[in-house]
Amino acid sequence: MIEIKNIYKKFGKLEVLSDVNLTFNKGKCVALIGPNGCGKTTLIKSVLGMVIPSKGDILFDQKSILNKYKYREQIGYMPQIGRYPDYMTVGQIIEMMKKIRNSDAVLDEDLIKAFELEKIFDKQMRTLSGGTTQKVSATLAFLFNPDVLILDEPTAGLDPLASEILKEKIIKEREKGKLILITSHLLSELDDLISEIIFMQDGKVHFHKTVHDLLQTTNEQRISKAIASILKSKQ
Amino acid sequence: MNRIIKIIFLDILKNKIVLAYTLILALLSWSSFGLEDNSAKGLLTILNVILFTVPLVSILFATIYLYNSSEFIELLLSQPVKRKKIWLSLFLGLSLSMVAAFFIGAGIPLLVNAPDSVGIMMVIVGCLISIIFVALAFLSSILTRDKAKGIGIAIMTWLYFALLFDGLVLFLLFQFSEYPIEKAMVAVTAFSPIDLARIQILLQLDVSAMMGYTGAIFKDFFGTAIGLMVSFMFLCLWAIIPFYISLKKFKNKDL
Numbered sequence: 001m002i003e004i005k006n007i008y009k010k011f012g013k014l015e016v017l018s019d020v021n022l023t024f025n026k027g028k029c030v031a032l033i034g035p036n037g038c039g040k041t042t043l044i045k046s047v048l049g050m051v052i053p054s055k056g057d058i059l060f061d062q063k064s065i066l067n068k069y070k071y072r073e074q075i076g077y078m079p080q081i082g083r084y085p086d087y088m089t090v091g092q093i094i095e096m097m098k099k100i101r102n103s104d105a106v107l108d109e110d111l112i113k114a115f116e117l118e119k120i121f122d123k124q125m126r127t128l129s130g131g132t133t134q135k136v137s138a139t140l141a142f143l144f145n146p147d148v149l150i151l152d153e154p155t156a157g158l159d160p161l162a163s164e165i166l167k168e169k170i171i172k173e174r175e176k177g178k179l180i181l182i183t184s185h186l187l188s189e190l191d192d193l194i195s196e197i198i199f200m201q202d203g204k205v206h207f208h209k210t211v212h213d214l215l216q217t218t219n220e221q222r223i224s225k226a227i228a229s230i231l232k233s234k235q
Numbered sequence: 001m002n003r004i005i006k007i008i009f010l011d012i013l014k015n016k017i018v019l020a021y022t023l024i025l026a027l028l029s030w031s032s033f034g035l036e037d038n039s040a041k042g043l044l045t046i047l048n049v050i051l052f053t054v055p056l057v058s059i060l061f062a063t064i065y066l067y068n069s070s071e072f073i074e075l076l077l078s079q080p081v082k083r084k085k086i087w088l089s090l091f092l093g094l095s096l097s098m099v100a101a102f103f104i105g106a107g108i109p110l111l112v113n114a115p116d117s118v119g120i121m122m123v124i125v126g127c128l129i130s131i132i133f134v135a136l137a138f139l140s141s142i143l144t145r146d147k148a149k150g151i152g153i154a155i156m157t158w159l160y161f162a163l164l165f166d167g168l169v170l171f172l173l174f175q176f177s178e179y180p181i182e183k184a185m186v187a188v189t190a191f192s193p194i195d196l197a198r199i200q201i202l203l204q205l206d207v208s209a210m211m212g213y214t215g216a217i218f219k220d221f222f223g224t225a226i227g228l229m230v231s232f233m234f235l236c237l238w239a240i241i242p243f244y245i246s247l248k249k250f251k252n253k254d255l
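If you read the protein sequences in the order shown, they are chains A and B.
Using my numbering, you'd call the opening residue of the first sequence number 1 and step up by one each time.
Using my numbering, you'd call the opening residue of the second sequence number 1 and step up by one each time.
Any given hint could turn out to be false.
What the hints assert, rightly or not - No more than 27 Å apart at the CA atoms, straight line, and that leaves these computed lysine-lysine pairs for DSS-like: (1) Lys55(A) to Lys149(B); (2) Lys149(B) to Lys253(B); (3) Lys149(B) to Lys99(A); (4) Lys219(B) to Lys149(B); (5) Lys149(B) to Lys41(B); (6) Lys248(B) to Lys70(A); (7) Lys6(B) to Lys13(A); (8) Lys149(B) to Lys98(A); (9) Lys14(B) to Lys10(A); (10) Lys98(A) to Lys82(B); (11) Lys204(A) to Lys176(A); (12) Lys13(A) to Lys98(A).
Simulated from the structure, these hints should not be mistaken for laboratory data.
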């Protein structure tokens, strides 16, 4: 569904992505992991067209996304740090997004109910805590029933209850055959969610394996242990 | 397109600064017509308002607004909206509100007290100046990510066009006073939207008779229909070119 072909990105002299080649297919739940500053968020933002790659191409349903915007109708994005206009209320933000999308698709308001967002509909965005802002971001990502969900550190900052709600929601959407892309540092959280894993380092893809393969080659039961043993054997 | 412009326009209207700007313009305009015994003197006072306050408020307000809506821009970019559309909607929303503020504040008293060609000319020129300086604000805010720097560039731009440019022109005039540079001066004015606006309006007033030989040359050029068209075209270019450059940059910006 999404193909990333020989992507390079430089910020000034700093090379953030170099020769990244990846393919993501429908129905998969892919985790993107790696140390801080390895280019995960830049890669995600390139797929969204927020960062424009220096070289290379990205295909969405076999069509290049460069200078396109329509394909974003099929993507729900939850940013790492959601930034919203300070003086708008939660309700206004959701209303505004509905107006901007202007889609006829059935809205998925599960998370509004699950997170009890109605209670804070008239609160301004700047008064919200980091975790509550994350809840709003998550709700907006799922709201329009997109085929692809891109979640950047979805559970960071959420309380255990909320992150459990979000995880259940992610599993539910995966079952519907959607493509889900997650970046995370909390490897223990990923165990029951993901089917494929991508490890990035210094702007390069280190490996791209299915979870099954990864566990088998390392003889481990859990993803976090498997990754740790790979990192150890490398040193 | 319309949905986003509407959101932006309503957001700006809620801003109290625009309201205060409208009220101050109205106060200045009504009182300058009320205090002077003939409307020509009132017109000259408003001329100075148009040439100093309007550009300053337009460029500063638009620059700050753009920096403050960086979150809004980021939010829109992850949605199925064209980049060009976002930038153009911001430009139209800001221009529309600055023009509306000018028209309500200064335009109405102008049309009531001086309903002749001078009054109409001043309203048109004031609206154009508002749009031009909004466009310059777009350019200065796309040049740097740093808000303080961006606002600094905006203030310098205003200072240059409002004060420094005239100083430079005077300097040139004195340095080259031995030479026949009157015709060249006409061309030099094209490099500053404020000067273009000033000459446009002064030539409509009777005071142009006092401007001497250079004034006569100006009248010769700007007084004709072609001269008028050319200078209006230049004013339009002053709005289009800065905005176009900023649009090009915005299309390739990483957020």
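Do the hints match the structure? See the list:
{"no.": "1", "hint": "Lys55(A) to Lys149(B)", "in the structure": "30 Å, violated"}
{"no.": "2", "hint": "Lys149(B) to Lys253(B)", "in the structure": "18 Å, holds"}
{"no.": "3", "hint": "Lys149(B) to Lys99(A)", "in the structure": "34 Å, violated"}
{"no.": "4", "hint": "Lys219(B) to Lys149(B)", "in the structure": "40 Å, violated"}
{"no.": "5", "hint": "Lys149(B) to Lys41(B)", "in the structure": "39 Å, violated"}
{"no.": "6", "hint": "Lys248(B) to Lys70(A)", "in the structure": "20 Å, holds"}
{"no.": "7", "hint": "Lys6(B) to Lys13(A)", "in the structure": "40 Å, violated"}
{"no.": "8", "hint": "Lys149(B) to Lys98(A)", "in the structure": "35 Å, violated"}
{"no.": "9", "hint": "Lys14(B) to Lys10(A)", "in the structure": "40 Å, violated"}
{"no.": "10", "hint": "Lys98(A) to Lys82(B)", "in the structure": "16 Å, holds"}
{"no.": "11", "hint": "Lys204(A) to Lys176(A)", "in the structure": "31 Å, violated"}
{"no.": "12", "hint": "Lys13(A) to Lys98(A)", "in the structure": "40 Å, violated"}
Hints 1, 3, 4, 5, 7, 8, 9, 11, 12 from the list above are not met by this structure, while the remaining hints are.
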